[in-house]
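Protein chains: 2
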Amino acid sequence: MPKIKCILQYDGSNFFGYQVQPEKRTVQGELEKALERIHKGEKIRVHASGRTDTGVHAKGQTIHFETKLYIPGNSWGRALNSLLPEDLHVKASEEVPESFHARYDVLEKEYRYFILNRKEPDIFARNYSYHFPYKINIEAIQEACRYLEGTHDFTTFSSARATVKGDKVRTLFEVSCQKNGDQIEFHFRGSGFLYNMVRILVGTLLEVGQGKIDPINIREMLEKKDRRLAGKTAPAQGLFLWKVVY
Amino acid sequence: MPKIKCILQYDGSNFFGYQVQPEKRTVQGELEKALERIHKGEKIRVHASGRTDTGVHAKGQTIHFETKLYIPGNSWGRALNSLLPEDLHVKASEEVPESFHARYDVLEKEYRYFILNRKEPDIFARNYSYHFPYKINIEAIQEACRYLEGTHDFTTFSSARATVKGDKVRTLFEVSCQKNGDQIEFHFRGSGFLYNMVRILVGTLLEVGQGKIDPINIREMLEKKDRRLAGKTAPAQGLFLWKVVY
Chain A
1 MPKIKCILQY DGSNFFGYQV QPEKRTVQGE LEKALERIHK GEKIRVHASG RTDTGVHAKG
61 QTIHFETKLY IPGNSWGRAL NSLLPEDLHV KASEEVPESF HARYDVLEKE YRYFILNRKE
121 PDIFARNYSY HFPYKINIEA IQEACRYLEG THDFTTFSSA RATVKGDKVR TLFEVSCQKN
181 GDQIEFHFRG SGFLYNMVRI LVGTLLEVGQ GKIDPINIRE MLEKKDRRLA GKTAPAQGLF
241 LWKVVY
Chain B
1 MPKIKCILQY DGSNFFGYQV QPEKRTVQGE LEKALERIHK GEKIRVHASG RTDTGVHAKG
61 QTIHFETKLY IPGNSWGRAL NSLLPEDLHV KASEEVPESF HARYDVLEKE YRYFILNRKE
121 PDIFARNYSY HFPYKINIEA IQEACRYLEG THDFTTFSSA RATVKGDKVR TLFEVSCQKN
181 GDQIEFHFRG SGFLYNMVRI LVGTLLEVGQ GKIDPINIRE MLEKKDRRLA GKTAPAQGLF
241 LWKVVY
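The listed protein sequences correspond, in order, to chains A and B. Take the first sequence: its letter number 64 is residue 64 in the working numbering, and every next letter is one higher. Take the second sequence: its letter number 8 is residue 8 in the working numbering, and every next letter is one higher.
Calculated directly from the structure, the hints in this document are not laboratory data. Incorrect hints may appear among the rest.
Copies of the same chain look alike in the list, so a pair counts if it works inside one copy or between any two.
Derived lysine-lysine pairs resembling DSSO-like cross-links, with alpha carbons at most 27 Å apart [unchecked claim]:
id, residue 1, residue 2
1, LYS68, LYS225
2, LYS135, LYS91
3, LYS179, LYS59
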């Protein structure tokens with residue numbers, strides 16, 4: 001049976017996250033509804049690189065599904081886009097080998113987090129960045145970012161509600177922060193991420209930027225494996241799943 | 001009684017336009033609700049520079065109201081913002097002389113219209129620009145813009161449904177169009193605008209850009225005073241009331 005891989009963009013503002021839930025508008029739910037129409041009522045299960053929470057956006061979420069239909073791989077994007085709502089868009093589609101799996105084959109994921117750092121809010125950016133009106137020391141954040149790169153147990157920076165089995169060791173290839181005028185942008189590239197990990201890292205790094213946490217303390221926080229030591233979870237609307245590499 | 005002037009921003013996406021309507025969420029409705037709370041149940045009437053339609057945004061809409069409360073003029077912004085929803089924001093407030101009127105004293109209004117000119121849509125810009133995927137000749141549009149500047153009867157470029165009394169002669173100080181990558185931006189500055197005028201002008205200028213209308217024909221279209229000669233009304237989401245000058 002042909003297997004199709006799609007790269008998706010979505011505006012998370014009006015979705016109850018990625019994963020299907022009864023009676024809720026979700027990304028997976030909208031995708032499977034469109035696929036069911038194309039397959040004349042047959043239910044098609046979609047597999048993603050991972051979930052995203054309510055309000056989190058995607059520029060490069062990746063999914064796969066199997067189909068009995070012999071539509072050329074690169075035509076699936078247009079077919080789906082004609083049925084999908086305007087806040088969910090397939091950027092590219094292709095046929096992939098039977099062995100491909102959108103979740104198990106991930107080599108690297110990239111998240112970006114956007115902050116508006118000025119006193120006045122920007123109502124037009126309210127769903128796509130976090131309005132943080134306090135003074136920030138970017139150099140302190142950049143120093144802290146370096147302590148996060150590499151292979152660590154990220155228990156301190158994952159939700160205490162996480163239900164992930166197995167260890168919480170992950171490798172971050174890049175943790176960086178740039179300020180351009182009143183725009184602050186965080187980049188996170190890693191082998192994998194724990195539940196809420198990016199948002200807890202951002203929340204903690206902002207406390208570093210405010211001088212509430214010393215950059216060097218990040219090392220100790222990692223070692224202690226205690227969620228209570230980290231900062232608040234930054235809000236969902238600043239977070240974008242940017243890219244998934246296979 | 002003190003008179004207060006406020007400069008407002010709003011994201012028009014989730015408003016049924018500016019003007020109060022029963023059972024509908026409108027900008028004026030939200031403002032008057034907040035003012036009623038501040039005035040402990042007393043109804044306060046707000047006067048704007050003019051209405052905006054459903055989906056149209058504002059960066060610099062201007063309103064005034066009268067109040068019995070002796071709150072410093074520049075404190076009204078903060079007082080209102082604490083009660084207003086997150087898609088409506090007071091940028092500045094001040095006390096003005098009793099003779100000031102937000103509608104009658106307008107010297108100049110500026111509108112801007114934003115277009116995304118590429119094949120692929122941008123789901124994150126879908127509420128703030130018009131996705132126009134066709135090839136456009138910007139020089140032809142710029143030539144047509146020049147014929148629109150100055151004092152003309154704009155009957156051809158106003159909604160046939162308009163109920164404005166009086167003549168349809170208006171003066172446009174600036175009509176311009178710039179392309180920057182796949183972003184196209186129109187600027188319109190004038191003494192006043194008729195109902196739907198900017199959106200009909202943009203719709204017509206896009207037909208000029210596609211080669212459907214010759215730029216020089218704009219002159220004849222103005223002279224004939226016939227709405228049927230102009231192009232389609234461009235959609236609301238690309239339009240911003242940018243500034244009002246008194």
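Hints, one by one, checked against the model:
{"no.": "1", "hint": "LYS68 x LYS225", "in the structure": "neither (47 Å within a copy, 58 Å between copies)"}
{"no.": "2", "hint": "LYS135 x LYS91", "in the structure": "between (37 Å within a copy, 21 Å between copies)"}
{"no.": "3", "hint": "LYS179 x LYS59", "in the structure": "both (21 Å within a copy, 25 Å between copies)"}
Comparing the model with each earlier hint shows a violation of hint 1 alone; every other hint is respected.
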